[in-house]
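Student: The primary structure of each chain is shown beneath.
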Amino acid sequence: AQSVSQHNHHVILSEAASLELGCNYSYGGTVNLFWYVQYPGQHLQLLLKYFSGDPLVKGIKGFEAEFIKSKFSFNLRKPSVQWSDTAEYFCAGSNTGKLIFGQGTTLQVKP
Amino acid sequence: DTAVSQTPKYLVTQMGNDKSIKCEQNLGHDTMYWYKQDSKKFLKIMFSYNNKELIINETVPNRFSPKSPDKAHLNLHINSLELGDSAVYFCASSQGTSSGNEQFFGPGTRLTVL
Numbered sequence: 019a020q021s022v023s024q025h026n027h028h029v030i031l032s033e034a035a036s037l038e039l040g041c042n043y044s045y046g047g048t049v050n051l052f053w054y055v056q057y058p059g060q061h062l063q064l065l066l067k068y069f070s071g072d073p074l075v076k077g078i079k080g081f082e083a084e085f086i087k088s089k090f091s092f093n094l095r096k097p098s099v100q101w102s103d104t105a106e107y108f109c110a111g112s113n114t115g116k117l118i119f120g121q122g123t124t125l126q127v128k129p
Numbered sequence: 013d014t015a016v017s018q019t020p021k022y023l024v025t026q027m028g029n030d031k032s033i034k035c036e037q038n039l040g041h042d043t044m045y046w047y048k049q050d051s052k053k054f055l056k057i058m059f060s061y062n063n064k065e066l067i068i069n070e071t072v073p074n075r076f077s078p079k080s081p082d083k084a085h086l087n088l089h090i091n092s093l094e095l096g097d098s099a100v101y102f103c104a105s106s107q108g109t110s111s112g113n114e115q116f117f118g119p120g121t122r123l124t125v126l
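Residue numbers (this note's numbering), protein chains in the order written: chain A, 19 to 129; chain B, 13 to 126.
Keep in mind that the hints were calculated from the coordinates and are not lab data.
On a predicted model such as this, the values are computed, not experimentally measured, just so you know.
The beta carbon of each residue, even a glycine, is placed where N, CA and C say it ideally should be.
Check each hint, because a few of them may be wrong.
With a straight-line cut-off of 30 Å between C-alpha atoms, the simulated DSSO-like cross-links for lysine-lysine are [stated by the list, open to error]:
1) B:K83 with A:K128
2) B:K52 with A:K116
3) A:K89 with B:K53
4) B:K53 with B:K83
5) A:K116 with B:K64
6) A:K116 with B:K83
7) A:K67 with B:K53
8) B:K56 with A:K89
9) B:K64 with A:K79
10) A:K79 with B:K21
11) B:K53 with A:K87
12) A:K87 with B:K34
13) B:K34 with A:K67
14) A:K79 with B:K48
15) A:K87 with B:K56
16) B:K53 with A:K76
17) A:K76 with B:K56
18) B:K52 with A:K79
19) A:K67 with B:K48
20) A:K76 with B:K64
21) B:K48 with A:K116
22) B:K21 with A:K67
23) B:K83 with A:K67
24) B:K53 with A:K116
25) B:K31 with A:K67
Covered stretches of chain B (in silico footprint by chain A; criterion: 3 or more residues with CB under 8 Å from a CB of chain A, positions within the stretch not fixed) [as the list claims (entries may be wrong)]:
26) 57-70
27) 117-126
Next up, chain A with everything else stripped away, as it sits in the complex (with noise of 0.2 Å):
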């Protein structure tokens, strides 16, 4: 079955710290793979996305990320995080139009 998983649910960090949060992904064939972030009572927004070509990937904000066919993963990566990217970031994949999402990181930035 398709599935997405995120293996950090909870993440602190200070402010300047390096980010990684981890998505690995199970579909047979092509899939599209996306992060998504979700700031304290606002809805979903695109962080970026991969289709094909160039594994790494870079988004709004100073996001990035890298898939890894072999890994099954996408994981997504941020230098030096602030204290506004406090908020909840999910990764979903898709190859039918159906995204499925992961459990989601709740990312913690302390000033």
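Use these hints to put chain B onto chain A, whose structure you have.
Tutor: Just chain B now, kept in the frame of chain A:
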């Protein structure tokens, strides 16, 4: 300009009642979705409509009935509400049904069933 809007934002009701949530998008998209986010923040798709036709119907109780009067609107009616229906319901839209298309989400409707 709000791209995907939902009403109401909060909905508190008693068990057994019937309620509706409305969703509208002004992006000109032809595909709309309903997702449910549970208390652990896990998001799961419920339904999807393309050009007013139902194309995705996950294993959702038939107390939930989506209706799409036109491409810009997708409403969700819930009959005989149960405690377990308490959640945040998100509407989303995209252009087309391709798996690579970005879905734009609404602000969510927090439903509390007492």
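Student: Does each hint fit the structure? Answer for all of them.
Tutor: Here's how the hints hold up against the structure:
1. B:K83 with A:K128: Outside the cut-off at roughly 43 Å; violated.
2. B:K52 with A:K116: The hint holds at about 21 Å.
3. A:K89 with B:K53: Given that 30 Å is the threshold and the Cα spacing comes to 26 Å, the pair holds.
4. B:K53 with B:K83: holds (28 Å)
5. A:K116 with B:K64: Distance of about 17 Å is within 30 Å: holds.
6. A:K116 with B:K83: holds (18 Å)
7. A:K67 with B:K53: Given pair A:K67, B:K53 holds - Cα atoms ~21 Å apart, limit 30 Å.
8. B:K56 with A:K89: holds (24 Å)
9. B:K64 with A:K79: Outside the cut-off at roughly 35 Å; violated.
10. A:K79 with B:K21: Roughly 27 Å separates the two Cα atoms, so the pair holds.
11. B:K53 with A:K87: holds (27 Å)
12. A:K87 with B:K34: Since the Cα atoms of A:K87 and B:K34 sit roughly 40 Å apart, the hinted pair is violated (cutoff 30 Å).
13. B:K34 with A:K67: Given pair B:K34, A:K67 holds - Cα atoms ~28 Å apart, limit 30 Å.
14. A:K79 with B:K48: With a Cα-Cα distance of about 27 Å, the restraint between A:K79 and B:K48 holds, given a limit of 30 Å.
15. A:K87 with B:K56: holds (25 Å)
16. B:K53 with A:K76: Between B:K53 and A:K76 the Cα gap is close to 26 Å, so the pair holds against 30 Å.
17. A:K76 with B:K56: holds (26 Å)
18. B:K52 with A:K79: Roughly 26 Å separates the two Cα atoms, so the pair holds.
19. A:K67 with B:K48: Status holds; Cα separation ~22 Å.
20. A:K76 with B:K64: Since the Cα atoms of A:K76 and B:K64 sit roughly 34 Å apart, the hinted pair is violated (cutoff 30 Å).
21. B:K48 with A:K116: Status holds; Cα separation ~13 Å.
22. B:K21 with A:K67: Holds: B:K21 and A:K67 sit about 28 Å apart, inside 30 Å.
23. B:K83 with A:K67: holds (25 Å)
24. B:K53 with A:K116: holds (18 Å)
25. B:K31 with A:K67: With a Cα-Cα distance of about 35 Å, the restraint between B:K31 and A:K67 is violated, given a limit of 30 Å.
26. 57-70: holds (count 4)
27. 117-126: holds (count 4)
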